[in-house]
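Asker: Place chain B on chain A using the hints.
So you can see what is in the structure, the chains are spelled out below.
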Amino acid sequence: DSHTQYERVGADVTMKCGSMDWDAAVTWTVNGTDIDESHLNGSYLILKNVNLSQSGQYACYEGSSWHLKYQTSLRVGMPPKEPVLMCRSNNYPKGFYCSWHLPTPTYIPNIFNISVIHGTKDMVCEKDATPKNRCHIRYLQLFSTVKYKVTLTVTNPLGKNFTTLTFDEFAIVKPDPPESVVAKPVPNNPRRLEVSWQNPSSWPDPESFPLKFFLRYRPLILDQWQHVELSDGTSHTITDAYAGKEYIIQVAAKDNDIGTWSDWSVAVHATPWTEEPKHLTTEAQITETTSASTSSFMAPPTTKICDKGAVVGSGAVAVCWTAGLVVAAYSVLFI
Amino acid sequence: MAAADSPSAALRRDLCSRGIRLAGKMRADVVDLLDAYVEQQGLDASASVAAVEGVPLAAVERWDEQTGTQRLLENLAAYRAFRALLAQMLEEQREQLGEADAGLGRALAAVLLQVSAFAYHLEELLRLESRGVPGEEEDGPPPPPRLSLFEQKLRGLGVLRELAQWAVRSVRDLRQLAKPSPATGTAPGLAESP
Chain A
1 DSHTQYERVG ADVTMKCGSM DWDAAVTWTV NGTDIDESHL NGSYLILKNV NLSQSGQYAC
61 YEGSSWHLKY QTSLRVGMPP KEPVLMCRSN NYPKGFYCSW HLPTPTYIPN IFNISVIHGT
121 KDMVCEKDAT PKNRCHIRYL QLFSTVKYKV TLTVTNPLGK NFTTLTFDEF AIVKPDPPES
181 VVAKPVPNNP RRLEVSWQNP SSWPDPESFP LKFFLRYRPL ILDQWQHVEL SDGTSHTITD
241 AYAGKEYIIQ VAAKDNDIGT WSDWSVAVHA TPWTEEPKHL TTEAQITETT SASTSSFMAP
301 PTTKICDKGA VVGSGAVAVC WTAGLVVAAY SVLFI
Chain B
1 MAAADSPSAA LRRDLCSRGI RLAGKMRADV VDLLDAYVEQ QGLDASASVA AVEGVPLAAV
61 ERWDEQTGTQ RLLENLAAYR AFRALLAQML EEQREQLGEA DAGLGRALAA VLLQVSAFAY
121 HLEELLRLES RGVPGEEEDG PPPPPRLSLF EQKLRGLGVL RELAQWAVRS VRDLRQLAKP
181 SPATGTAPGL AESP
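Line by line, the protein sequences are chains A and B.
For the first sequence, the residue numbers in the UniProt record's numbering are 1 to 335.
For the second sequence, the residue numbers in the UniProt record's numbering are 1 to 194.
One chain only, chain A, in its complex shape (with noise of 0.2 Å):
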């Protein structure tokens, strides 16, 4: 019969071949792999020092019959180390979940335990079917200033270990990050964004637990980040962006009165509208026509010559004349 067999990682393992006597003839095969019987101490398999890629079917035949003496499966693993444990509430005032995972994996099967104590009741945590590593409990009580317990317990055929958790119903409230961030540009505003999300969609009741909201917004080649705090709306227009710029925007969101922020949402990006010079139409058109060599003057279609709204002076204006005069020396050539 068979059975399995779970050893740690770096231990010495002594095979007996079932009842068959220490100096019967006997071969041991792995996967059905015949092993050298230099690993043999009699008819017992040595294995030191066992490592992962040792793990498999092990089995043991009689000697000349072959017949089947024994088999095992050898899984090779640890034991758990403390689990990481993380509670938080992103649907308040419904309820809070728990996740978990080991800091390191074991190779062998595990099994998880946990625990919720509120003040001297025990509650019970439903395991979610996906992920497997997450729990959920709805609150009985609101506004409670008894903290919450949480115990989880891990055990594999190798050992055991555990974690816990002690938090305020408050403390763990952190929504999830705003939806549907949409940034655009507002004509004929050089230095507008207008930037609007919504509330995200796990948060049950905004209207009675309303959230407050955390912008940031940099163009992409600065790294420094500005920031506005919105107490409500979901929408926000930014008035000092730098023309032409792109930039990169993203939302964060937090219960008015209570836990902390969200993470930040995915970020968007949106350059406010400038003008379009009205000569660089026909720039794009003698690009299509004209030759290699000549390339050097014309700047492809997608560069803007005229950068007016970053720089208001001479230089600017400069460079946009001297482009002018290029593109109609061409449109001559070419007519």
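Possibly wrong hints are sitting among the right ones.
Stated by the list, open to error - Here are some of the chain B residues that sit facing chain A, going by a computed Cβ distance under 10 Å:
no.: 1; residue: Val49
no.: 2; residue: Ala51
no.: 3; residue: Leu57
no.: 4; residue: Ala58
no.: 5; residue: Glu61
no.: 6; residue: Gly158
no.: 7; residue: Arg161
no.: 8; residue: Glu162
no.: 9; residue: Ala164
no.: 10; residue: Gln165
no.: 11; residue: Trp166
no.: 12; residue: Val168
no.: 13; residue: Val171
no.: 14; residue: Arg172
no.: 15; residue: Gln176
If you're looking for bench data, these hints aren't it; they were derived computationally from the structure.
All residues carry an ideal CB built from backbone N, CA and C; glycine is no exception.
Answerer: Below, chain B alone, put in the same frame as chain A:
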């Protein structure tokens, strides 16, 4: 939408908004007071304090199912109790420490004032709903037995923690109250008797 704009509905919304601001400010001050109290009294901020007799607990089951009247009555009872508890703490403070903790005494007095103001505000809301405002007991509960200095400090911690919790709950309660009911335009739960 004519019902939503009725004068009493507008007044209730106004009272609720002001109440929310009062409660928000009160909470911020209570949190600051808690920090100062813990430090000055030499307490451990994370100490668990068993439920103290006479301190109204903010914890509530089925909070979302409460009627508007229930909310107002429970809030009023709580803040009346806090008014008495804070007055007692102030008294003990003055007895014990004289000049050393004048700042703490002032902060306590300021919070006591806000608690009284909020209790009055709640009475206004109840009157608006033509609800009788429950009278306060003339004699109040019997004076509690004299506690040791340490027990007084721990009880003070319990009182302030529970008050901070109540301040958050009151904001939530008033937001619920301020919501117009879709059919009648009046707040849910206030039109019917409890």
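Asker: Now tell me, hint by hint, if it's right for this structure.
Answerer: Comparing the hints with the structure gives:
With 10 Å as the threshold, the beta carbon of Val49 of chain B comes within range of chain A, its nearest partner Cβ sitting at about 8 Å, so the hint holds. Hint status for Ala51 of chain B relative to chain A: holds, with the closest Cβ pair at about 8 Å, below 10 Å. Hint status for Leu57 of chain B relative to chain A: holds, with the closest Cβ pair at about 8 Å, below 10 Å. About 4 Å separates the beta-carbon of Ala58 of chain B from the nearest beta-carbon of chain A, less than 10 Å, and the hint is met.
Residue-level restraint check for Glu61 of chain B holds (minimum Cβ-Cβ distance to chain A is 5 Å; threshold 10 Å). Interface hint at Gly158 of chain B: satisfied, since its Cβ lies 8 Å from the closest Cβ of chain A, which is below the 10 Å cut-off. For Arg161 of chain B, the interface hint holds, since its Cβ comes within 10 Å of a Cβ in chain A; the closest pair sits about 5 Å apart. The interface hint given for Glu162 of chain B holds, since its Cβ lies 6 Å from the closest Cβ of chain A, which is under the 10 Å cut-off.
Below 10 Å, beta-carbon pairs count as interface contacts, and Ala164 of chain B has one with chain A at about 8 Å; its hint therefore holds. Evaluation of the Gln165 of chain B hint against chain A yields a held restraint, the C-beta minimum of about 5 Å falling below 10 Å. For Trp166 of chain B, the shortest C-beta to C-beta distance to chain A is roughly 7 Å, which falls under 10 Å, so the interface hint holds. For Val168 of chain B, the suggested interface contact is upheld, since its CB lies about 5 Å from the closest CB of chain A, less than 10 Å.
Contact between Val171 of chain B and chain A, as hinted, is supported at the beta carbon level, the nearest pair being about 6 Å apart and thus within 10 Å. Residue-level restraint check for Arg172 of chain B holds (minimum Cβ-Cβ distance to chain A is 7 Å; threshold 10 Å). Below 10 Å, beta-carbon pairs count as interface contacts, and Gln176 of chain B has one with chain A at about 6 Å; its hint therefore holds.
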